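Novice: Please model the complete structure; the sequences and the hints are all you need to start from.
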Amino acid sequence: MNKDKITLCEELADIMPPEYHELVETATYGKEGRGWKDIGSSKELIEQHSLCAGCPESIAFRYILASLPAPENTVFVGSTGCTSLVFPHVAVQNIHSLFGNQNAIASGLKRTLKRRFPDVEKDVVVLAGDGATVDIGLDMTMQSWFRQEKFTTICFDNELYANTGGQESGLMQKGFVAKMAPAGKNFDKVRLPEIAREAGCHYVAMLTVSKPNRVEKAIRQAVMIAREIGPTYVQLYTPCILEIGKQSMEGLDEMKDAESIGGRFVMKEYISDQAQQLIDDMEAEEKAKKKAAKEAKKAKKPVSA
Amino acid sequence: MSQYQVKAGPEAFLPPAAASMGVILPDPGECHIEGRIAPEEEGYEYAARKFLEAKVPTIFPGPLVLWNWNENATKKAKAIRALADALPARLIPMADYRPKYPKIDAEAEINPNHPNLTIWHNKIDVCIFVGVHCHQANLALKIIRGGTDCFTMAMCAQAGHEDACLSFRDASVEKITKLMDAVNKLKKEGVKSQAESFVQIKMTSSGRVA
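Protein chains in written order, with the numbering used here: chain A, 1 to 305; chain B, 1001 to 1210.
Calculated from the structure, these hints are not laboratory results. As the structure is a computational prediction, the values presented were derived from the model and not from experiment. Hints may be right or wrong, so weigh each one.
Subject to a maximum C-alpha distance of 27 angstroms in a straight line, what follows is the list of computed BS3-like cross-link-like pairs (lysine-lysine) [as the list claims (entries may be wrong)]:
(1) B:Lys1178 / A:Lys43
(2) B:Lys1050 / A:Lys5
(3) A:Lys268 / A:Lys256
(4) A:Lys5 / B:Lys1202
(5) A:Lys43 / B:Lys1103
(6) B:Lys1187 / A:Lys3
(7) B:Lys1202 / B:Lys1078
(8) B:Lys1202 / A:Lys3
Selected chain B positions facing chain A (in silico; Cβ < 10 angstroms) [what the hints assert, rightly or not]:
(9) Ala1019
(10) Lys1050
(11) Trp1067
(12) Asn1070
(13) Ala1073
(14) Pro1088
(15) Pro1093
(16) Ala1095
(17) Asp1105
(18) Ala1108
(19) Gln1158
(20) Leu1186
(21) Lys1187
(22) Ser1193
(23) Glu1196
(24) Val1199
For glycine and all other residues, C-beta sits at the position ideal for the given N, C-alpha and C.
Specialist: Written out as structure tokens, the structure is:
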């Protein structure tokens, strides 16, 4: 999709409800340097969500959508799960794939987009739960990394199959007792970030969504590195408050606890040398732009008598 | 077995898909009227008459004509507005397909997942879908036929819809204009619109202005 196409037909614009006018007038499509700070001052690319009240996934969606470098040229590939309930409400192109197939679909899509639009950078971002990424779809997930497919995989890790009532998943922590897994889990949480690094991902990050600036940085870097170098993986802890017996207001605290020292989700990043070089270049470019803008502003200031 | 007719409902909580009852899609140059294949010209007159007989005739434009994604969309939007003015008919948009229950403003918009709410709220008795993607149109048409007494029509850009009471295929600006011409012709012959008076809802980013 091109940014220029996100407009209404003039003849019928006056019958469109306000949220669509806002999407055209104040959404941040095409804005350079867009980020989580736009939330509240511009139209978000998520209208409502159909998740439970207080679900951390909804926060994650908002931060991710605010952080994509070019939402008008991005296609999400989703899979079955809580995330798939949200995609109908998202104003970014998206495809729902067969459960577990998301990385295979994304591989074909990315290659096709490259051929169809050789002059435009089209980003493909897989966004799926831990069941689709690590259990049922692990084959497709890893094969896409082995093949060095140039797209980002984001896993919403809620440590179980939440959508179907709390079955055990590979990313569930050892010993956890879920509603549909009463005996408790017998083996350790799958260390997918390490697997991703060994499988060829150039950028891997594992974090919670309690801090929007961290999420923004991770998503931005993951998308840019996938665009230029190769596969990237971001694992976000989005606890299912229902399944772990928390209240709506306790999701944030749960994430903060999980990322504190000794917790399961202390932030970690793996960056390949090639990716690090790209990040350094991007940061230098950003710095130079800011400096130039500052100097231009200074030059415009009238000299006082 | 007598041929199944795609009549206005309410038919059942889960009406059968018309295709499963033996209703087939029209070939180019044809339309289907209540399940019967007919020449397209007959369809224009039938549709125009239905619209003029209706108390609350309504056009449901979909994303393909509401969003300015190509030049043809703009032209179709113009033709739809002209048709609405000629009838006159309400214009109620189906701007996207996300479920909006219970937030939907049933007076001002329609949604394929619960189109019956808009039909019931506005007491719509005749409607036409234009610019709605086929799978969403099929869903909405079946729900409307199942739970309301609204006569449904579809101006489809592809092969038509069996689940509408009347369906055109290969929608184009010319075909929308032909439907408008049929309305004007009937009006000239003395057929008067039975539509109740209404004010077309108008909206901006700050809310409803009319």
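Novice: What hints, given by number in increasing order, does this structure fail?
Specialist: Violated hints (numbers, rising): 1, 2, 6, 9, 10, 14, 19, 20, 21, 22, 23, 24; every other hint is consistent with the structure.
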